[in-house]
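Listed here are the chains, written in short residue letters.
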Amino acid sequence: MSFDADVIIVGGGLAGLSAAITAVKEGLSVIVIERGEYSGAKNVSGGRMYIHALQQLIPDALERAPLERPITKETFVFYCSDDKKLTLSFEEKGKKNSYSVLRAKFDQWLAKEAESLGVLISYSTLLTGARREGNGIVIETNRGELRAPLVIEADGVTAPLSRFLGLRRMEPKYYMLGVKEVLNIKPEGDEGEAVTIVGLTKGYKGGVFTYTNKDTISFGFTLKVDSLYNSDKPSHQLIEEIREKLGLKGEILEYSAHLIPYFGYENLPKLYDANIMVTGDAAGLLYEDGFVIRGMDMAIGSGMIAGKAAKKIKDLGDYTKTDIYYEMLKESFVLKDLENAWRSFKVLEADEKIYSSYPDFICSALSKLFSVDSNGRQRPLKVLLSSAKEKGVSVTEALKDIMEMVL
Amino acid sequence: MNVVAGFKVVLDDTLIKVVNGQLDFNVPLKVSNYDKNAVEEAVELKEKYGGTAIGVTVGIDDRKSIKDMLAMGLDEVRVVKGNYFDALSTAEAIIEATKDVKTDLYIFAEQTTDGNTSSVPAMLASLLDLPLLSYVKSLRIDGRKVIAERSLGLNSETLEAELPAVISVTGEINKPRVPTVRQVLEASKKPIKYIEFSSQPKVKIVELNPYVVNRKRVIIEGNMKEAVDKLITYLKEDGVL
Amino acid sequence: MMVELLKRLGLNKYNVDPKPHIEVDENICIKCKEKFCIRVCPAGTYEALPDGRIVVHYERCLECGAALVACPYGSIKFRFPENGISYRYG
Amino acid sequence: MTRAVVFSEDLNGFKNAASLAYSIANEVYGVGYNDVKYTDKLYLIDRTEEDSIADFISSINANLYVFGNSKKDKIIAAQVAGKRKIGYIPDIISVEVSEGKKVIAERVAYSGLAISKLECELPCVVTVSKSFGEVKERNTQIERVNLKESKIKVIESKKATSSADLANAQIIVSVGRGLGSKDNVALAEELAKILGGAVGGSRPVVTELGWLPEDRQIGLSGIKVRPKLYIALGISGQPQHLVGIKDSKIIVAVNTDKNAPIVDNADYVIIGDAVEFLKTMIERLKAK
Numbered sequence: 014m015s016f017d018a019d020v021i022i023v024g025g026g027l028a029g030l031s032a033a034i035t036a037v038k039e040g041l042s043v044i045v046i047e048r049g050e051y052s053g054a055k056n057v058s059g060g061r062m063y064i065h066a067l068q069q070l071i072p073d074a075l076e077r078a079p080l081e082r083p084i085t086k087e088t089f090v091f092y093c094s095d096d097k098k099l100t101l102s103f104e105e106k107g108k109k110n111s112y113s114v115l116r117a118k119f120d121q122w123l124a125k126e127a128e129s130l131g132v133l134i135s136y137s138t139l140l141t142g143a144r145r146e147g148n149g150i151v152i153e154t155n156r157g158e159l160r161a162p163l164v165i166e167a168d169g170v171t172a173p174l175s176r177f178l179g180l181r182r183m184e185p186k187y188y189m190l191g192v193k194e195v196l197n198i199k200p201e202g203d204e205g206e207a208v209t210i211v212g213l214t215k216g217y218k219g220g221v222f223t224y225t226n227k228d229t230i231s232f233g234f235t236l237k238v239d240s241l242y243n244s245d246k247p248s249h250q251l252i253e254e255i256r257e258k259l260g261l262k263g264e265i266l267e268y269s270a271h272l273i274p275y276f277g278y279e280n281l282p283k284l285y286d287a288n289i290m291v292t293g294d295a296a297g298l299l300y301e302d303g304f305v306i307r308g309m310d311m312a313i314g315s316g317m318i319a320g321k322a323a324k325k326i327k328d329l330g331d332y333t334k335t336d337i338y339y340e341m342l343k344e345s346f347v348l349k350d351l352e353n354a355w356r357s358f359k360v361l362e363a364d365e366k367i368y369s370s371y372p373d374f375i376c377s378a379l380s381k382l383f384s385v386d387s388n389g390r391q392r393p394l395k396v397l398l399s400s401a402k403e404k405g406v407s408v409t410e411a412l413k414d415i416m417e418m419v420l
Numbered sequence: 004m005n006v007v008a009g010f011k012v013v014l015d016d017t018l019i020k021v022v023n024g025q026l027d028f029n030v031p032l033k034v035s036n037y038d039k040n041a042v043e044e045a046v047e048l049k050e051k052y053g054g055t056a057i058g059v060t061v062g063i064d065d066r067k068s069i070k071d072m073l074a075m076g077l078d079e080v081r082v083v084k085g086n087y088f089d090a091l092s093t094a095e096a097i098i099e100a101t102k103d104v105k106t107d108l109y110i111f112a113e114q115t116t117d118g119n120t121s122s123v124p125a126m127l128a129s130l131l132d133l134p135l136l137s138y139v140k141s142l143r144i145d146g147r148k149v150i151a152e153r154s155l156g157l158n159s160e161t162l163e164a165e166l167p168a169v170i171s172v173t174g175e176i177n178k179p180r181v182p183t184v185r186q187v188l189e190a191s192k193k194p195i196k197y198i199e200f201s202s203q204p205k206v207k208i209v210e211l212n213p214y215v216v217n218r219k220r221v222i223i224e225g226n227m228k229e230a231v232d233k234l235i236t237y238l239k240e241d242g243v244l
Numbered sequence: 051m052m053v054e055l056l057k058r059l060g061l062n063k064y065n066v067d068p069k070p071h072i073e074v075d076e077n078i079c080i081k082c083k084e085k086f087c088i089r090v091c092p093a094g095t096y097e098a099l100p101d102g103r104i105v106v107h108y109e110r111c112l113e114c115g116a117a118l119v120a121c122p123y124g125s126i127k128f129r130f131p132e133n134g135i136s137y138r139y140g
Numbered sequence: 235m236t237r238a239v240v241f242s243e244d245l246n247g248f249k250n251a252a253s254l255a256y257s258i259a260n261e262v263y264g265v266g267y268n269d270v271k272y273t274d275k276l277y278l279i280d281r282t283e284e285d286s287i288a289d290f291i292s293s294i295n296a297n298l299y300v301f302g303n304s305k306k307d308k309i310i311a312a313q314v315a316g317k318r319k320i321g322y323i324p325d326i327i328s329v330e331v332s333e334g335k336k337v338i339a340e341r342v343a344y345s346g347l348a349i350s351k352l353e354c355e356l357p358c359v360v361t362v363s364k365s366f367g368e369v370k371e372r373n374t375q376i377e378r379v380n381l382k383e384s385k386i387k388v389i390e391s392k393k394a395t396s397s398a399d400l401a402n403a404q405i406i407v408s409v410g411r412g413l414g415s416k417d418n419v420a421l422a423e424e425l426a427k428i429l430g431g432a433v434g435g436s437r438p439v440v441t442e443l444g445w446l447p448e449d450r451q452i453g454l455s456g457i458k459v460r461p462k463l464y465i466a467l468g469i470s471g472q473p474q475h476l477v478g479i480k481d482s483k484i485i486v487a488v489n490t491d492k493n494a495p496i497v498d499n500a501d502y503v504i505i506g507d508a509v510e511f512l513k514t515m516i517e518r519l520k521a522k
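Protein chains in written order, with my numbering: chain B, 14 to 420; chain L, 4 to 244; chain Y, 51 to 140; chain R, 235 to 522.
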């Protein structure tokens, strides 16, 4: 069988382009197929990238990439019942660890970078099927077939390639739905803020976010798909109700939505198979530990590792040896971090209390601690215990959850 | 048979919006509507009669759009760069960019989606003193003659002219091909030539403002007979009935 | 002011495929009481008729992928469209 | 400003062009196939091919060349601009002359999204689609001219037959799912016939229900239309449909749902049943 390239990469987003750039630098011939009319056309992200991986990929990215704002302020807002609200804010001026991004713009830029390095990208090219043939993979598209001994899957959360090859079935419990609006509100100053809002979506597992971009604000929610099953209103109505409650004015510039992988380390899907390496969202590489949610640096990191692994596999001459990729992932921040976050992730994933009764409990306690009347004041611990009882929170369970989260 | 097809890279007009009373031009680029039909026709003629099919684009230089056109089967693309082009200087630029080509047929779309002036093919024909066949919906070559059918509103005409000639086509003329992945990949190897051209535009843009159609939103109530009578009265007042 | 769904969708660029990329199995939908799809889909793609059937407005689709997990009864056949949506912010 | 030349293949266009010419120039020459008396002088020509006419018009020395707005008018206008190597602004909706040296005109661009204000040094070529004031009959001096032979030969000319030429139709009766059934499309056809218009439809009606053939689909995935009257029957107004009808002069919507998006995007709205509307409208128009 004659091959069209050493590696075919399905998907021209962060993972695919990072894999392509790395593989080309390693001297491999690479073809990327992208179903959007440009890279980023089909992407939606909440909007924050931790940039360490990008800087590995493109060392001077900070000067050239179309990043929106450095996130220097982290705000958590807990909405409780009875008009109570708890806000925590942390600011670190000048910090350049993460940036808000808008993916349509960013991915197009990265695609240009890749093309200038010799990566061939075929846009508006939809994967319609895949099969094994001879010692390689045949990629079927709406524009004809391509063959390669090695395929890097970077086709996003729904992982069509894995599904076409029968390597994956999708289960609702492993996915969140993100619904987002870009609002025409120009934030002040040059630095950005990330706001995480909990408690506005009671009865659902998930939260609400806003990020400040250069000239706009990204706003949206991420909710577990199975918790939407029991919703009394459709998701498209929910988002508007939340926007109303937050009082976010400003014209809507874009309305978008995307599924988000929510597997957690121990439930990760199959990350490799003979001739195939799975990266980014397709590999379920989403990290959450209660403080940080990240997927983009995981996508870039896994893409780069797949690109390097491709070279090693080619040199070995045995394209079934994709376990090399998995071993490299385990040695990298990608799987190490995911593994470290697993305990926190499990708590967040399993426990609806995180999103409703815990905030209520804290608000109730704070309300009492900040109130004075003539009935006499109690010790803080007693206040906490009575609030816990009132809100049906078991203190031992809460402590256990906290331990799981932080230890 | 040497064919030159003009195509223009424009802002995607379906995405331009009015935001806070201003036009938001922060939108992706695309190849202007029907320009793909012009390119398709050029490639089909080349495939049928041999020779070359060369693309020319003036103004925005967008690599992706250029590669898309090459993938459709153009042999090469020439990109004219300069500050600002009006219709006349665009026509002059195209002549400059293809002066070394013994062109039999210049093919354009009937209009571009940004300016909608339909004027570049006519100007080019005038500048080169060549016959112009406009709004062509089908076309054949017979020796050194081009025979074309065109629609001008309510009239449909069959025209004939000697080559070389200039043609503008409508969207009906063909169905632009969707290149295969392999053609897309091969397009990366085809030549793209850049030509600098300092134009002397006669027409300058002074201002660009949003054009908002504010509908009247008159709700006509009453039973259907009364409503229809009211509607007919309104429509007559507006001079549309 | 809440902004109607269709107005929000109207902000997006769609290049609608001539053929639907989503199909539902009428026999399954007509018996389905919960209609999870309607609650999950952020684009209002699924609309229930009084008789229980589901109309698919595939041209509204945001290609989020939720259709692949929105129906526990396996009624929805979803593939990505050839053209469809192009986000400008993303 | 001294002299302007006016041309249009149709009378209305000629009058529109003359109205603009007289609002600016002292002396106006006309070029035409028929002896119309709206200009100081008229060159009565004997050929209809664009290049022959353009050749002749460019040989007349003038500061401003004003044309009507038909497809043919615009081709000739652009050819004149090309031959004389002067500026060209088609479809102008407003115009002023600055210091007697340049024209500042407005026109619609970007598929109807924007109005651009343009500046053009005189001499300059423009086309117009509306009147710029009354034109009166004049004591026109007529001169017959034999035009040069054309480079193009018209072998055949016929009237277009398709009643479904939506892109150019002046009146469109458009049907949506709300019409209920395919049988009712006949009523829409009947109304279109009475109005001298064409029938079109929304995407679901064409692609899902098959009530109309593919070439009648209006909207982003079909045809963009710009009639003077667009009657939307039982069409909710999906965004992709609305984009396709934005350039309509007047939009009428008949819909049972007053919250349908089409309601915000129409000039006249009747909240009611589309079939009942059709029957009543047909009856009323026939009675007249």
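Hint data in this document are derived by calculation from the structure and do not stem from the laboratory.
Mixed in with the good hints there might be a few duds.
[Unchecked claim] Subject to a maximum C-alpha distance of 27 angstroms in a straight line, what follows is the list of computed DSSO-like cross-link-like pairs (lysine-lysine):
1. B/K98 x B/K283
2. R/K483 x L/K219
3. L/K67 x B/K125
4. L/K193 x B/K38
5. B/K246 x Y/K85
6. B/K97 x B/K246
7. B/K283 x B/K86
8. B/K359 x Y/K83
9. R/K351 x L/K239
10. L/K219 x R/K351
11. R/K317 x L/K239
12. L/K148 x R/K458
13. B/K98 x B/K325
14. R/K483 x L/K239
15. R/K458 x L/K140
16. B/K413 x B/K366
17. B/K283 x B/K343
18. B/K359 x B/K413
19. R/K351 x L/K20
20. R/K520 x L/K233
Just so it is clear, the structure is predicted and the values come from calculations on it, not from any experiment.
These are the hints, each one checked on the structure:
1. B/K98 x B/K283: Outside the cut-off at roughly 42 angstroms; violated.
2. R/K483 x L/K219: Holds, at about 11 angstroms.
3. L/K67 x B/K125: holds, 9 angstroms
4. L/K193 x B/K38: holds, 23 angstroms
5. B/K246 x Y/K85: Given pair B/K246, Y/K85 holds - Cα atoms ~12 angstroms apart, limit 27 angstroms.
6. B/K97 x B/K246: holds, 24 angstroms
7. B/K283 x B/K86: Distance ~36 angstroms between B/K283 and B/K86 Cα, so the pair is violated.
8. B/K359 x Y/K83: Violated, because 32 angstroms separates the two Cα atoms, which is more than 27 angstroms.
9. R/K351 x L/K239: At roughly 32 angstroms apart (the allowed maximum being 27 angstroms), L/K239 and R/K351 break the hint.
10. L/K219 x R/K351: holds, 26 angstroms
11. R/K317 x L/K239: violated, 43 angstroms
12. L/K148 x R/K458: The given pair, whose Cα atoms are some 34 angstroms apart, is violated under the 27 angstroms limit.
13. B/K98 x B/K325: violated, 54 angstroms
14. R/K483 x L/K239: Since the Cα atoms of R/K483 and L/K239 sit roughly 13 angstroms apart, the hinted pair holds (cutoff 27 angstroms).
15. R/K458 x L/K140: Holds, at roughly 18 angstroms.
16. B/K413 x B/K366: Holds. B/K413 to B/K366 sits at ~13 angstroms (cutoff 27 angstroms).
17. B/K283 x B/K343: The hint holds at about 14 angstroms.
18. B/K359 x B/K413: The given pair, whose Cα atoms are some 12 angstroms apart, holds under the 27 angstroms limit.
19. R/K351 x L/K20: Given that 27 angstroms is the threshold and the Cα spacing comes to 18 angstroms, the pair holds.
20. R/K520 x L/K233: holds, 16 angstroms
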